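Student: Going down the list, the protein sequences come from chains C and X. Here the working numbering is used: position 122 in the first sequence is 160, and no number is missing along the way. Here the working numbering is used: position 214 in the second sequence is 305, and no number is missing along the way.
Calculated directly from the structure, the hints in this document are not laboratory data. In this text the structure is predicted, and so the values were computed from the model without any measurement. It cannot be assumed that every hint is accurate.
Listed next, the in silico BS3-like pairs over lysine-lysine satisfying Cα-Cα at most 25 Å (straight line) [stated by the list, open to error]:
{"hint": "1", "chain 1": "X", "residue 1": "K137", "chain 2": "C", "residue 2": "K231"}
{"hint": "2", "chain 1": "X", "residue 1": "K229", "chain 2": "C", "residue 2": "K235"}
{"hint": "3", "chain 1": "C", "residue 1": "K234", "chain 2": "X", "residue 2": "K105"}
{"hint": "4", "chain 1": "C", "residue 1": "K54", "chain 2": "X", "residue 2": "K104"}
{"hint": "5", "chain 1": "X", "residue 1": "K402", "chain 2": "C", "residue 2": "K234"}
{"hint": "6", "chain 1": "X", "residue 1": "K137", "chain 2": "X", "residue 2": "K270"}
{"hint": "7", "chain 1": "X", "residue 1": "K198", "chain 2": "C", "residue 2": "K231"}
{"hint": "8", "chain 1": "C", "residue 1": "K233", "chain 2": "C", "residue 2": "K146"}
{"hint": "9", "chain 1": "X", "residue 1": "K137", "chain 2": "C", "residue 2": "K105"}
{"hint": "10", "chain 1": "C", "residue 1": "K233", "chain 2": "X", "residue 2": "K105"}
{"hint": "11", "chain 1": "X", "residue 1": "K104", "chain 2": "C", "residue 2": "K117"}
{"hint": "12", "chain 1": "C", "residue 1": "K54", "chain 2": "X", "residue 2": "K105"}
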Amino acid sequence: MNIFVLLKRTFDTEEKIAIANGAINEEGAEFIINPYDEYAVEEAIQIRDQHGGEVTVVTVGNEEAEKQLRTALAMGADKAVLINTEEDVEVSDQFTTAKILAEYLKDKEADIILAGNVAIDNGSGQVGPRVADLLDIPYVTTITNLEISGETVTVVRDVEGDSETIETQLPVLVTAQQGLNEPRYPSLPGIMKAKKKPLEELEIDDLDLDEDDVEAKTKVVEIFLPPSKEAGRVLEGELNEQVQELVSLLHKEAKVI
Amino acid sequence: MDFRLDEEIEFLKKNVRDFVQTEVEAVAMQIEEENRIPQKIIDMSKEMGLFGLSIPEEYGGLGIGMVGKCALYEEIGATHNGYTTLIGAHTGIGTVGIVEMGNEEQKRKYLPEMAAGEKIGAFALTEPAAGSNATNLKTTAVRKGDKYILNGTKHYITNATEADVFTVMAVTDSSKGSKGITSFIVEKDFPGFHVGAVERKMGLRGSHSAEVIMEDCEVPAENVLGVEGQGYVNALKILANGRAGLAARNLGSCQKLLDMSATYANERIQFGVPIIDHQAVGHMLAEMAMDIEALRSFTYRVAWMVDQGMKVIKEAAMLKLYGSEVYNRVADKAVQVHGGIGYIADYPIERFFRDARITRIYEGTSEIQKNIIAGQLKKEYAID
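For reference, chain X alone in the conformation it holds in the complex (with noise of 0.2 Å):
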């Protein structure tokens, strides 16, 4: 059993480390103060190639594994979340569709300038009535010659404003249920496609979610992602596909929330000790980095799994579940050893406490998670 990475991911994951640590990092109160990613970091994420990193070298990606999509996600993580998920959405369930399940040609057409960062994705699956029960889709799609006609509304889709391709999941015959879903590559400019309302969220400034709607949206047969009635379970597997990602950008974030705390609790100085020789304060750090441990060995254990073409549904589901729980309570740990300045706008340790409590709501609540293992221990241990 060889824990390291191999020098070639090393040596990526450091570059991405300098360049997050000193340009991201530069602007991070700036993103969160305008609640926009500036232009010069969005291109030199591009020039840095960080937009192709879930992509396969032939289609200009940079075509690793998931070991090292997670060490990279784990550098990416380490800093505003905003940014974090501009990149993770894209890469991740944005992009995943397409490398998936796509035929050649659809790779060809959408990849290349996906993976340079000239065209960002986004994943269109929730609706005002579909959340967590994500078969009662209402978006219709339906035939018209070489056409599908596209009606309904989607909300809560990360990079909307910013995205040019959604993978966008909708209802292809309604009497068959999650079966009768389909997955469809819509790009923005298709006719009866706009961008709707931005919501005002509790943290990920930066990052927008908005409103999709789509009206008599045209979308051409040929962007059937797959085969018609597979949408729901290409959801499934593109949701699947992200988790260990998921858990490498909550375990990168965790790690700078120890790195500020560990610190600060070693400069702070109350009843004339730093206080991290204060007991009570000690152990708070001792389980932030424990949990951390344990959440590193998981995310890279599950990565490798997935690696070795091994089925992880189990397993990424509670790495999901888990990397988001860690995170929260690591967040939280963080504030209470900072104490005050834990609290305060002008310094990170609040902005990180707010971030981290969507990662136990989106791509599937910790609860879903919870019954995502539940069902499969259903199946490993039915009587037969």
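Only chain C is shown next, with the shape it has when bound in the complex (with noise of 0.2 Å):
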């Protein structure tokens, strides 16, 4: 079994987040895995320890993203590549990403490629689907089970809170969902074997693309952080003056009736 997870790297937006001159202060923030790939690398792991095969993990980033393709291979992924656009591309979105991968896949006969259901960072989840649609395999998202027999794949896919089981044949590209299983942590041993495995590293040159061929579709205007909370207010008084008070606030300060 030929397994691919696409990984990306992402700030942790369990820390402080801030803003400076309009982008994301890098500086001082966490960088992770992006959670739901950790689903995926987990799933493609146990996909080849029942099926045989291998599992490598790509990305589109920079040098930085390094760290994160190495937790992959100490998580137990085979082959870490990293395309790395720091030189090439200036802007990107979610049709650059999905352009650059679709070209690198488009030759490597993938029978099983495995994303997040959406990157906790901009939240666009359009990367796997449009991967899929680009080298024309069927694609089901922000599944939560997983199931391969001959070329027959049954997936569970979650949605709005309920299940739904869909069958379709491979070669499939699935998105993760949480709850689809729970990531290992790396093991040292495994740390330590990781920095053995391959790591390829690629510019879009390699993939006989250019700027111009993976230029942003869209543009980010601004970048803002949501309102902060204020503190709540507790009314008093009997219960037909609170009423009152609350339609009174919601008339004239909240201005939402």
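Please assemble the complex out of the two chains, which come individually in their own frames, going by the hints.
Tutor: This is the structure:
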């Protein structure tokens, strides 16, 4: 089984995020594997352990992403590929990333490609489906269970809290939802071994792409933090008075009615 | 002079931190209440390879130097000390004897399973009449054909209830004093070997200390660790080797206490300001932070000396002493900064305070460390 995982390095949204000059300040931020991609890595390793084959994790980014690739290798992936766009791509969006990944994957004869359902930074959830579309293979998003039997793939996907079972064929692309599995911690011997595993670095030139081919289709106009939450207010008095005050506040202060 | 850890050790350290702070911290109060470490945490620790952190790579361990070990011990120390002790006593005094003094056959036989955590190691030196005076052992070992027959009782043996493999010190020739002691590798299933009463302790809940009773316990002669008569020297070496790691564990606990105390002092408002702005409280935190930085520098300096193959008898004793004293000072201040909450058992501070106390006693009391340091100074400055 030829298994690929699309992985993104993101900042940890559990840490404090600061914005400076219209961009997220990377200094002091913690960077992690996008948590949904972690489910994808774990699932890929389990598929390989069950069916044999090889797991390759791929990311589009800069040299900093090597750490996250090494982590995936330490978890048990076999190979890693960094497509370094630092020098060639100034502005990128989901189209850019999907185009690059699809170009890389088109001659790899992947049986299954796994990605996270969304990345916790931009949260678009587009890259997986776009890649599948460009490769002209089926895709199933937000999966919570996956079984492969021969060429048949049975997937349970999360539909707004309900679940739906879908049958499809290899090759396929799936995106992982929380609940798919419990990602393992990289073992310490795994980390030691990871440094000996292959980590290939490519540029878009190696994929016969130039900057114009991957030019972003969208433009980020502004980035801002949500308004800080103010202290709540507890209304007092008789129930009638409270209701009257609440209505008045909703009308005059919150201006929602 | 470069004070940075290398990238790989940093990476290992970060992963241990993530695991300890996410998984072990989540059950710390549970460990305290149930006096038991959840099996899931033990299994995850095995999968992570934590039980093999002091074992060479060729025997299934991690194969890192003392600086690396200390970096990981620091993270393992930053949580419930019962958990810290389960891992630390195994990877420290529980396995070091076989790693350092074992022959090839013994290493091949025991270390891979010990590295995987499938077999837990313990160190059995202390007896009711032989605490600080470790030469006063009463446990005997008499050669009988291709076996030794061991008789005697050890007590306060850390991890005794969990352990499978014990490094046991016993007297083979009572006429030779400290030179008549031999160390043995004793398996819990050897005939005549029992684990006795489990002690109730001030702290370190989840880690169990118990008696070990040997009644005509049969130990194959090939399980002599090192050379007959070298047992006391072996014991001292095993303890000395453990000292930097012990200090690193204390360092981790201290850092955790500072993190909690400084955070609390920023949140807690009294007299209209966060209590860190009250100079008396701010100064306590400043002293904690300074003590911790000094301990950190000292720990890694001694670990570095070990990795250079330098002799560290005096420095390791100083470090063990200093690390324990700092931990106790820091824990005391952490309680004071927290005030009432620091004394309440629903919060972790009082637990660290109780757990800190043993560090001045086990693996050589603070007073014995001073004796070792003074003994070394006496030699250094001897008038010939």
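Student: All hints are to be evaluated individually against the structure, with a verdict given for each.
Tutor: Going down the list of hints, with the structure as the test:
1. K137(X) / K231(C): 17 Å, holds
2. K229(X) / K235(C): Given that 25 Å is the threshold and the Cα spacing comes to 54 Å, the pair is violated.
3. K234(C) / K105(X): 19 Å, holds
4. K54(C) / K104(X): 22 Å, holds
5. K402(X) / K234(C): 34 Å, violated
6. K137(X) / K270(X): The given pair, whose Cα atoms are some 38 Å apart, is violated under the 25 Å limit.
7. K198(X) / K231(C): OK: K198(X) and K231(C) at ~22 Å, within 25 Å.
8. K233(C) / K146(C): 24 Å, holds
9. K137(X) / K105(C): Judged against 25 Å, a Cα distance of about 24 Å means the pair holds.
10. K233(C) / K105(X): Given pair K233(C), K105(X) holds - Cα atoms ~16 Å apart, limit 25 Å.
11. K104(X) / K117(C): 23 Å, holds
12. K54(C) / K105(X): 19 Å, holds
Checked against the numbered hints listed earlier, the structure breaks hints 2, 5 and 6; every other hint is satisfied.
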